[in-house]
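Enquirer: Residue numbers (this note's numbering), protein chains in the order written: chain A, 4 to 193; chain B, 4 to 193.
Simulated from the structure, these hints should not be mistaken for laboratory data. Please note that a few of the clues may not be correct.
Note: identical chains are not told apart, hence a pair may lie in one copy or across any two.
[Stated by the list, open to error] The list that follows gives simulated cross-link-like pairs (lysine to any residue, SDA-like), each with its CA atoms no further than 25 Å apart:
| # | residue 1 | residue 2 |
| --- | --- | --- |
| 1 | K130 | A168 |
| 2 | K54 | A163 |
| 3 | K125 | T156 |
| 4 | K130 | D183 |
| 5 | K130 | T80 |
| 6 | K130 | D169 |
| 7 | K130 | S187 |
| 8 | K130 | A146 |
| 9 | K125 | D84 |
| 10 | K130 | T186 |
| 11 | K130 | E110 |
Keep in mind it's a predicted model, so treat the numbers as computed, not measured.
Protein chains: 2
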Amino acid sequence: MARWQPGTRERLQATALQLFASRGYDQTTVAEIAAAAEVTERTFFRHFADKREVLFAGQDDFLGMFTGPIETAPAETAPFDLVRLALEASGAFFPDDRRPWSRGRQEIIDAHPALGERELGKLATLKGRLGEVFRERGIPEPAATMAAETAVTVFHLSFAQWIAADEDRSFRAIARERLDALTSLVHPAH
Amino acid sequence: MARWQPGTRERLQATALQLFASRGYDQTTVAEIAAAAEVTERTFFRHFADKREVLFAGQDDFLGMFTGPIETAPAETAPFDLVRLALEASGAFFPDDRRPWSRGRQEIIDAHPALGERELGKLATLKGRLGEVFRERGIPEPAATMAAETAVTVFHLSFAQWIAADEDRSFRAIARERLDALTSLVHPAH
Chain A
4 MARWQPGTRE RLQATALQLF ASRGYDQTTV AEIAAAAEVT ERTFFRHFAD
54 KREVLFAGQD DFLGMFTGPI ETAPAETAPF DLVRLALEAS GAFFPDDRRP
104 WSRGRQEIID AHPALGEREL GKLATLKGRL GEVFRERGIP EPAATMAAET
154 AVTVFHLSFA QWIAADEDRS FRAIARERLD ALTSLVHPAH
Chain B
4 MARWQPGTRE RLQATALQLF ASRGYDQTTV AEIAAAAEVT ERTFFRHFAD
54 KREVLFAGQD DFLGMFTGPI ETAPAETAPF DLVRLALEAS GAFFPDDRRP
104 WSRGRQEIID AHPALGEREL GKLATLKGRL GEVFRERGIP EPAATMAAET
154 AVTVFHLSFA QWIAADEDRS FRAIARERLD ALTSLVHPAH
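Can you build the whole structure from these sequences, using the hints too?
Expert: Okay, here's the thing in structure tokens:
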């Protein structure tokens with residue numbers, strides 16, 4: 004078996020999720036996941052630090068996808084346009100064919116408070132990193148933190164809708180709708 | 004000793020916080036709090052369900068203070084003005100003479116993950132209740148949820164700043180600054 008067989012990581016994720024759903028998250032072992040995906044445990048641990056991380060892998064990629072467009076945008080780009088760019092880019096992380104996996108994953112997380120905490124921790128990390136990126140662009144406080152919180156709120160609400168039952172629009176379309184809702188909400192002083 | 008002696012509740016809160024800070028939250032018992040505040044344990048339990056709730060009491064009052072002005076505002080009030088009204092009203096919950104207590108309370112919470120979770124749960128309850136109140140006013144989705152999330156984000160950031168070291172402005176002044184930052188973020192041209 005090749006050490007870096009293409010698709011192994013994805014197969015491990017799909018297999019793990021099936022086992023978590025059918026046997027229960029707590030009852031499923033790494034050995035069982037590896038066996039069901041027809042790889043060795045060693046191969047499993049080349050891809051994931053532990054069982055939990057199967058559900059949370061890719062955090063660095065995701066952070067980079069969110070913050071990259073902000074870091075490389077022209078200096079004169081308005082902060083809210085940076086928020087838009089980040090949300091547009093983050094859509095690449097959530098193609099439609101990933102939606103069933105994301106829905107299954109959320110069911111496991113919602114049923115396990117410790118996993119929910121890990122998820123909240125991820126969002127907090129994203130907020131913190133975004134705030135840094137905005138400040139590095141010279142955006143002062145409290146605008147930088149407000150922009151970071153706003154971006155993560157729109158992201159979080161968009162993601163929740165994207166995995167909602169019967170939802171079939173793209174992540175980007177949903178995120179745009181929420182950005183528009185925010186724009187309509189925040190009328191200039193009247 | 005009178006059953007409903009004025010100030011007993013506040014004295015229990017102040018005493019508990021002192022003990023949590025000096026002896027540690029986990030090491031402090033209800034019996035010790037009651038003794039230090041010179042009341043019986045029975046009196047303690049008339050005011051608080053348990054030791055933890057000394058730090059989280061008043062949730063219903065706080066929710067009502069936040070949602071009341073939204074429920075009673077004229078029908079034509081714009082959603083963002085409802086957010087403003089709620090934040091203005093919530094300032095009454097955080098007078099300047101409460102700030103030292105709130106700072107001490109936050110130190111205890113930050114040091115105990117289970118208390119931090121309870122705090123996040125409170126914010127989630129507030130978001131959920133606000134969303135309901137906005138929907139009851141006929142605000143459709145996703146605007147209602149966006150308004151609720153925005154209100155709680157501004158509240159949360161304002162509270163964090165209000166208890167920051169060296170901060171001496173009022174909660175309302177800080178909340179207004181953050182609402183202005185949000186308005187400038189979303190509508191930079193104005």
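Enquirer: Each hint: holds or not?
Expert: Taking the hints in turn, this is what the structure says about them:
no. : hint         : verdict
1   : K130 to A168 : between (27 Å within a copy, 21 Å between copies)
2   : K54 to A163  : within (24 Å within a copy, 35 Å between copies)
3   : K125 to T156 : both (13 Å within a copy, 17 Å between copies)
4   : K130 to D183 : both (21 Å within a copy, 20 Å between copies)
5   : K130 to T80  : within (20 Å within a copy, 31 Å between copies)
6   : K130 to D169 : between (29 Å within a copy, 24 Å between copies)
7   : K130 to S187 : both (23 Å within a copy, 19 Å between copies)
8   : K130 to A146 : both (13 Å within a copy, 22 Å between copies)
9   : K125 to D84  : within (23 Å within a copy, 32 Å between copies)
10  : K130 to T186 : both (20 Å within a copy, 19 Å between copies)
11  : K130 to E110 : both (24 Å within a copy, 21 Å between copies)
The structure is consistent with each of the numbered hints, conforming to all of them.
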